[in-house]
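Asker: Using the sequences and the accompanying hints, generate a full structural model.
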Amino acid sequence: MAGADPELERVWQEFHRAVNMSSPQLRDWLLAETALNDTYDPEPGVDVMDLGNRVLQVLGKRRVDLNGADVALMREVTELIDRRLSQRPTDGVDQEPWRHSLMAVGHDPWRDVP
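Residue 85 in this note's numbering sits at position 74 of the sequence shown; the count goes up by one each step and never skips.
Honestly, the hints are just simulated from the structure, not real lab data.
It should be emphasised that the depicted structure is a prediction, and the values quoted were computed from it without experimental measurement.
C-beta: ideal position from N, C-alpha, C; glycine also.
A hint or two may mislead.
What the hints assert, rightly or not - Computed Cβ-Cβ distance ranges for the label pairs, DEER-style:
hint, residue 1, residue 2, range
1, D102, P35, 28 to 34 Å
2, P17, P120, 27 to 33 Å
3, E90, S33, 17 to 23 Å
4, A15, A83, 15 to 21 Å
5, R21, L96, 17 to 23 Å
Said to hold, decoys possible - Derived pair list, reagent style EDC-like, types lysine to aspartate or glutamate, alpha-carbon separation capped at 20 Å:
hint, residue 1, residue 2
6, K72, D61
7, K72, E18
8, K72, E87
9, K72, E20
Answerer: Spelled out as structure tokens, the structure:
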């Protein structure tokens, strides 16, 4: 691809490394979580359900169709996932809320890494 933006390529790769759920998996999860209302905000002021819906929209786009807001979202979600992964609860602590907050933005920490 001639003239490809190396920064966009880096953000694209990092986003798709962090988001390890497919569009159908994320959509199904968001629908189930909305019905159960079982997620919590991983950080004050972060609406993971809104982010998850926006991630779903970005996953449906080709790289050439991304706009500035999409790239900003990809950076935000990648940073959020990396930060949350570093805050894994210790053994003996219920990990479901932590896992669910990650899954709401497209990352299942219990999924095998390719």
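Asker: Each hint should be assessed against the structure and marked as holding or not.
Answerer: A quick look at each hint next to the structure:
1. For D102 and P35, the hinted distance range of 28 to 34 Å is satisfied, since their beta carbons lie about 32 Å from each other.
2. Our hint of 27 to 33 Å for P17 and P120 holds, since their Cβ atoms are close to 29 Å apart.
3. Distance hint for E90 and S33: a CB-CB separation of about 22 Å, consistent with the stated range 17 to 23 Å.
4. The supplied range of 15 to 21 Å is met by A15 and A83, whose beta-carbon atoms lie about 19 Å from each other.
5. Checked against the hint of 17 to 23 Å, the pair R21 and L96 passes, with Cβ atoms roughly 19 Å apart.
6. Of the supplied pair hints, the one linking K72 and D61 holds, its CA atoms being roughly 17 Å apart against a limit of 20 Å.
7. For the suggested pair K72 and E18, the alpha carbons sit about 18 Å apart, so the restraint of at most 20 Å is met.
8. Between K72 and E87 the alpha-carbon distance is near 17 Å, which keeps this suggested pair within the 20 Å criterion.
9. Of the supplied pair hints, the one linking K72 and E20 holds, its CA atoms being roughly 14 Å apart against a limit of 20 Å.
Going down the numbered hints, you'll see the structure goes against none, and every one checks out.
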